[in-house]
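**Q** Next come the chains, spelled out residue by residue.
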Amino acid sequence: MITIENLAKSYGKHQILKNIHITLEKGKIYGIVGENGAGKTTLFKCIAGLEDFEGNIESAFKPLKNYIGYLQTESYFFSKMTGKEYIHLLCHARNIQTPDFEKRNVFDLPLNQYVTSYSTGMKKKLAFTAILMQDNEVFILDEPFNGVDIQSNMMIVEIIKKLKMLGKTVLVSSHIFSTLHEICDEIHLLREGTFVKKALPEEFKNLENEMRDFTVGNLLERLDLK
Amino acid sequence: MQYYFSLQYRILNRHIRDLALHPLIIYLLGGGAFLVISNSIFKQTHYAPFVYLALALSSTIGLQESHRNMFLKWCYPTKVYQKIRITENLIVVSPFLMFLFYKIEWLFAGVLVILAILFSFIQPKKRENITIPTPFYKYPYEFMVGFRNAFYLFFVAYGLLLTGILSKNANLAVFAIIIVFLVSLAFYMNTEDKFYVWTYSISAKKFLFKKIGVAFFYTTCILLPVFISLIIFFPKEWWMIGIFMIWGYLLLLAAILMKYSVFPEKVMLKESFLFALNFQVPPLLLILIPYWYFQSLKKLDKILK
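From first to last, the protein sequence lines are chains A and B.
For the first sequence, position 171 matches number 424 in the working numbering, and the numbering has no gaps at all.
For the second sequence, position 241 matches number 246 in the working numbering, and the numbering has no gaps at all.
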């Protein structure tokens, strides 16, 4: 279990996150939704230990970062590095024996080609495959469905469900509400750096409607489309 | 087109200001350094105009980068795009051109202008699909990636060694050691994304030792044929070979520690200056290595704890 209490983060005078409280249990999937700039990525980076923060994160995993598989919105890849070498690097970093690449290459990626030649979706799938091969206990997935094709989208959904079955903790952000609806046990709405609402599966529809009303409001009329 | 160039000028100045320097200082220092280097090239060899021509044209290669050219083509009509590319190339080679005028090398100046214009039409094909095999696969990542970018430089080093042996010129052969060390430490000059350090599940000390160990191991693998050949063919120069080997390893160690002493920030002017000073004052390494080591531990501990 991971308990986050009173987490706050600011860059100079600009406060990004404030008063964040959440408990993440084993075998559960947590969705984080919010507008661009709401603080989702910063929150993920704080939990992963990639950013300093105020507040407290308690966990049975010590140090927590060594048990986290973090899928970034846009992963950074070195030029002239192949897909296979990227996975090898991430496994090597966690002292994990190099896996059977061909067998576990479920997305059919051209692992012997340079990653820089991959499309956006392929890069996303490679980064996801690599953190799966690290055998992590906690998964932080920042926009895992961005840029991937529909088949891979379905595959990622099934993998996340499988992770849940295996007792892993998954924290996922996405702008595709229907997908979150399908996989999450809880969805938290982040607005201006703080959680303003928590929804359980039976409340997901209401949350979506509320978000739509809040975001769209009368903006369409202002567009004055003809 | 005018806006494009004024924008480039503003971007360049922003990069300079990021180094906490006034652009004028860099322009003056850069201009001064250019004159000193150009003069020394023309003093040292009769083939200077050829070397100069090659240097001038190689400085335009960066402008041929495919993503940037795609962007320009997307932004501007074909004619404007071509005008921009020609103007860019001529701007980049203009300092070389002026120096050739100063040296009254009219023929080379003319050839430079023609080639610079021709180079603006060249679009190198992307070779992303050809994966260059690397012998440094086991311990990622610096040598794995670095080798693919600069493997030919190791062959240059081996070529120098061979030339040195055949012409019985120990100095030339020993220069191969310097090239191998310079290329190897260059692999450690780029600051990686924080994620690539964060993902390691080891202490800061272990991380540093791992990086240093891999660097020393792979550099030794590349150096071994050079070292053995030198000892066999120039046994009397063992002391010079030894000094360069020790200095090289210390430089490599310093380069790694320097990078992580400011991590995740990039190495800035202060560190670069101190590092460059080691080439003039090698004993400085004995102070900088422990200093950068403890700084690196501090910086890495924050990420790996």
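Some hints could be false.
Unchecked claim - In silico DSBU-like pairs for lysine-lysine, Cα to Cα no more than 35 Å straight-line: (1) Lys271(B) - Lys143(B); (2) Lys199(B) - Lys333(A); (3) Lys271(A) - Lys479(A); (4) Lys356(A) - Lys215(B); (5) Lys271(A) - Lys303(B); (6) Lys173(B) - Lys48(B); (7) Lys307(B) - Lys271(A); (8) Lys281(A) - Lys450(A); (9) Lys215(B) - Lys266(A); (10) Lys450(A) - Lys415(A); (11) Lys315(A) - Lys88(B); (12) Lys315(A) - Lys271(B); (13) Lys199(B) - Lys210(B); (14) Lys310(B) - Lys417(A); (15) Lys279(A) - Lys414(A); (16) Lys414(A) - Lys281(A); (17) Lys173(B) - Lys414(A); (18) Lys199(B) - Lys315(A); (19) Lys315(A) - Lys479(A); (20) Lys310(B) - Lys281(A).
Stated by the list, open to error - Only part of the chain A face toward chain B is listed, based on derived beta-carbon distances under 7 Å: (21) Glu327; (22) Leu342; (23) Leu343; (24) Cys344; (25) Ala346; (26) Gln350; (27) Leu362; (28) Lys450.
Everything labelled a hint here was simulated from the structure, so no lab data went into it.
Yeah, the Cβ is synthetic: ideal placement off N, Cα and C, and Gly gets one too.
**Q** Now tell me if each hint is right for this structure.
**A** Hint check results:
1. Our distance criterion of 35 Å between C-alpha atoms is met by Lys271(B) and Lys143(B), whose separation comes to about 26 Å.
2. Note on Lys199(B) and Lys333(A): the hinted pairing holds, with a Cα-Cα distance of about 19 Å set against a maximum of 35 Å.
3. Of the pairs offered as hints, the one joining Lys271(A) and Lys479(A) is violated, with about 42 Å between alpha carbons and a cut-off of 35 Å exceeded.
4. At roughly 30 Å between alpha-carbon atoms, Lys356(A) and Lys215(B) fall within 35 Å of each other, so this suggested pair holds.
5. In summary, the hint linking Lys271(A) to Lys303(B) is supported, as the alpha carbons are separated by about 28 Å, within the 35 Å threshold.
6. Distance hint between Lys173(B) and Lys48(B) is fulfilled; the C-alpha atoms sit about 25 Å from each other, no more than 35 Å.
7. Note on Lys307(B) and Lys271(A): the hinted pairing holds, with a Cα-Cα distance of about 22 Å set against a maximum of 35 Å.
8. Restraint check for Lys281(A) and Lys450(A): the C-alpha separation of about 18 Å stays at or below 35 Å, so the hint holds.
9. With a CA separation close to 39 Å, the supplied pair Lys215(B) and Lys266(A) exceeds the 35 Å bound.
10. Taking the CA atoms of Lys450(A) and Lys415(A), the gap is about 27 Å. The hint holds against a cut of 35 Å.
11. With a CA separation close to 60 Å, the supplied pair Lys315(A) and Lys88(B) exceeds the 35 Å bound.
12. Simply put, Lys315(A) and Lys271(B) have alpha-carbon atoms about 29 Å apart, close enough for the 35 Å limit, and the pair holds.
13. This hinted pair checks out: Lys199(B) and Lys210(B) have alpha carbons roughly 17 Å apart, not beyond 35 Å.
14. Note on Lys310(B) and Lys417(A): the hinted pairing holds, with a Cα-Cα distance of about 27 Å set against a maximum of 35 Å.
15. A C-alpha spacing of about 13 Å is found between Lys279(A) and Lys414(A), which places the hinted pair at or below 35 Å, so the restraint holds.
16. Simply put, Lys414(A) and Lys281(A) have alpha-carbon atoms about 9 Å apart, close enough for the 35 Å limit, and the pair holds.
17. For the hint linking Lys173(B) to Lys414(A), the alpha-carbon distance of about 69 Å lies beyond 35 Å, and the restraint is violated.
18. For the suggested pair Lys199(B) and Lys315(A), the alpha carbons sit about 20 Å apart, so the restraint of at most 35 Å is met.
19. Only pairs whose Cα atoms come within 35 Å are accepted, and Lys315(A) paired with Lys479(A) is rejected, the gap being roughly 58 Å.
20. With a C-alpha separation of about 26 Å, the suggested pairing of Lys310(B) with Lys281(A) holds against the 35 Å cut-off.
21. With 7 Å as the threshold, the beta carbon of Glu327(A) stays out of range of chain B, its nearest partner Cβ sitting at about 10 Å, so the hint is violated.
22. Satisfaction of the interface hint for Leu342(A) is found here, the shortest Cβ-Cβ separation to chain B being roughly 4 Å, below the 7 Å cut-off.
23. Among the interface hints, the one on Leu343(A) holds; its C-beta lies about 6 Å from the nearest C-beta in chain B, closer than the 7 Å criterion.
24. Nearest Cβ of chain B to the Cβ of Cys344(A): about 10 Å, over the 7 Å cut. The hint is violated.
25. This hint holds: Ala346(A) has a C-beta 4 Å from the nearest C-beta of chain B, less than the 7 Å allowed.
26. About 13 Å separates the beta-carbon of Gln350(A) from the nearest beta-carbon of chain B, more than 7 Å, and the hint is not met.
27. The closest approach between the C-beta of Leu362(A) and any C-beta of chain B is roughly 14 Å, which is over the 7 Å cut-off, so the hint fails.
28. Here the hint on Lys450(A) is broken, as its CB sits about 31 Å from the closest CB of chain B, past 7 Å.
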